[in-house]
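> Each chain, letter by letter, is given below.
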Amino acid sequence: MEQASRIEKIMAQEPLRVSLVVAAFLVYPFLVSDYFIDIAIFFGIYALLGLSLNIVLGEVGLFDLGHAGFYAIGAYTTAILNTKFGIPILVLIPLSALAAALFAYIVFSPVIHLQGDYLLIVTLGLGEIIRQALINNPFDLTGGPNGVFGIDFPSFGPLVVDSSIEYYFLIWIIVGLSIIGLTSLQHSRIGRAWNYIREDETAANASGIDSRKYKLLAFVLGAALAGVAGNVYASKLMCVSPESFTFWESCLMFCIVLIGGMGSIPGVLIGAAFISLFPEIFRPFAMYRMLIFGSAMILMMMFRPGGVWPRKRGAVEFRSLLDDTGRSDA
Amino acid sequence: MHSGRRHSSGEVVLETKGLTKIFGGLIAVNDFNLKVYKGEILSLIGPNGAGKTTVFNVVTGIYRPEEGQVLFKGRDITGCKPHRIISYGIARTFQNIRLFPDMTCLENVMAGRHCRSSSGLFSSIFKTRRQRAEERDIRGISERRLEQVSLSRFRDELAKNIAYGSQRMLEIARALASEPDLLVLDEPSSGLNPRETEDLMAFLKNLIREEDVTILLIEHDMNMVMGISDWVVVLDGGRKIAEGTPEAVYADPHVIEAYLGKEDEDTGYGASA
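Residue numbers (the working numbering), protein chains in the order written: chain A, 997 to 1326; chain B, 215 to 487.
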């Protein structure tokens, strides 16, 4: 009993927990076969998508069921610019983010004032419009239903990312950096402004938060991250086609955030792990996969509506303040 | 006009000129003129549906008036957005408390500092030195405000978990965190027990004495109105029907009529129907 509580106490220390998780991620690819590394790559891509939707859905509480659209824009930006103009994949990471972000800014500017379900319908339509446009092959760029083939490997000087293990590190470095940046944001006035809007928009406005500006910022940032995920996805598969960006993908991202817990970064990782591992584990009973998945979601909503790992408030902030005051005294 | 006012310094903080707000066919506020002088506590009273909250919502930018102007420290703020108005120096509370329920008490107060801070996206992501210093300021000031309303012990408690009376005070602390020149309180004593109301009155009197702030409030509790106000304005049916010192308003036949109906039955509602 005493032993258990001591272990618990040790595990409660944030830096230790984080370093254990990081160590596990570093060691993992050297212990398993390529098949499991590939699963972890898609886990990483879903984690990034989950993090991107979490900004909009988790932090600000805006329903977005068209997020796959931004993922698609990132992937196609990478695919087209790489195959037509030979721009290196790594250079295309920021460009894909920018393209998706710009698109989000343009389409959401006029509709950002819509509330709840109304905004949801707009995002739903938007996701479909993007997919249909890709199928229709505008300006002969997107290759219609077949998509775009022959996308390069990312290369960094002499280092070419062409094996599973290298892709694994590429995606998880991106996810890691995103987590660091998003955690900083959560504890800044911008992260708080997002949360204030989610909690009570009228009170947030009366407290000095320009809700329009911060909602748009969330969409733009969320789209940018989804664009980055699209870039990695495109170069990993070496081809993109519209069927990878269906409404179902948007639903999966939505599930990732709901399963994990809205606004919780560890929660998103758990949700993404569940979504990417689930089909693999249940491969033998493929017929019943969706049945089990659906039941799991319903049970989740009934018994743990806040998610598996909801964001805890208070204690964490308290510690960081002690750190801060300690530093200012020194 | 302000000759009878106890605390008046002669400087007008807030002024409305011919304010009119119409909802469909209903004239909620009709040609309303108000002057709030620096350093005073002005109470806006009136029966239910008199248009008091509508006046507040127009002043704090939630509604745009059909006619008239709102001047704050001489500047025309008519139709400005709520988030701008608080940055000009008018902070408010709501009749039905509006906190951020799933955030801590401290985070709730920190909301008031938003308009007084400026860190952007990149400095927040990369935690620049300036951003960290600003965060420390936000916390420090918010903690002091929390202490001022005696809620320091609930610092890391979620706002939804504290008692109703404490939630009211937390909302006031959030408003104060923005360092307002004018504090606009919509029925601050509603839902409070007599003791809590006493505490609130003492708190507001103390606030006026110690800080450079002016208070405009809507109130139903007559004890509080009489005990705290320097000046009382009475609204009925969207119009100002009387104003004066609490004592004068209390004795005004128009005010008694608005609240209780006319004494003379012949000219009352029964006869005209």
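Hint data in this document are derived by calculation from the structure and do not stem from the laboratory.
Note that the coordinates shown come from a computational prediction; the quantities given were computed from them, not determined experimentally.
Careful: at least some of the hints might be erroneous.
Mimicking BS3-like on lysine-lysine, the simulated pairs with C-alpha atoms at most 30 Å apart in a straight line are [unchecked claim]:
1) A:K1209 - B:K419
2) A:K1308 - B:K374
3) A:K1209 - B:K374
4) B:K295 - B:K249
5) B:K454 - B:K231
6) B:K287 - B:K419
7) B:K454 - B:K287
8) B:K374 - B:K419
9) B:K374 - B:K231
10) B:K252 - B:K287
11) B:K374 - B:K295
12) A:K1209 - B:K295
13) B:K295 - B:K252
14) B:K419 - B:K454
15) B:K249 - B:K287
16) B:K341 - A:K1308
17) B:K287 - B:K231
18) B:K249 - A:K1209
> For a C-alpha distance cap of 30 Å, please report whether K454 (chain B) and K287 (chain B) respect it.
holds, 22 Å
> Under the criterion that the straight-line Cα-Cα distance not exceed 30 Å, is the pair K374 (chain B), K419 (chain B) satisfied?
holds, 27 Å
> Can you confirm whether the C-alpha distance between K287 (chain B) and K419 (chain B) stays at or below 30 Å?
Distance of about 22 Å is within 30 Å: holds.
> Does the structure keep K249 (chain B) and K1209 (chain A) at a Cα separation of 30 Å or less?
violated, 33 Å
> Please verify whether K374 (chain B) and K231 (chain B) have alpha carbons no more than 30 Å apart.
violated, 39 Å
> Verify the proposed pairing of K419 (chain B) with K454 (chain B), using a straight-line Cα cut of 30 Å.
holds, 26 Å
> Below or equal to 30 Å on CA atoms is what counts here, so check K341 (chain B) against K1308 (chain A).
Cα-Cα ~22 Å, so holds.
> Taken at face value, is the distance from the CA of K374 (chain B) to the CA of K1308 (chain A) at most 30 Å?
holds, 15 Å
> With a cut-off of 30 Å on the C-alpha distance, tell me whether K1209 (chain A) and K295 (chain B) pass.
holds, 13 Å
> K249 (chain B) and K287 (chain B): Cα distance at most 30 Å?
Holds, at roughly 11 Å.
> Are the Cα positions of K252 (chain B) and K287 (chain B) separated by 30 Å at most?
holds, 10 Å
> CA of K1209 (chain A) to CA of K419 (chain B), is that 30 Å or under?
Measuring from Cα to Cα gives roughly 37 Å; hence the hint is violated.
When held up to the earlier numbered hints, the structure conflicts with 1, 9 and 18 and fits the remainder.
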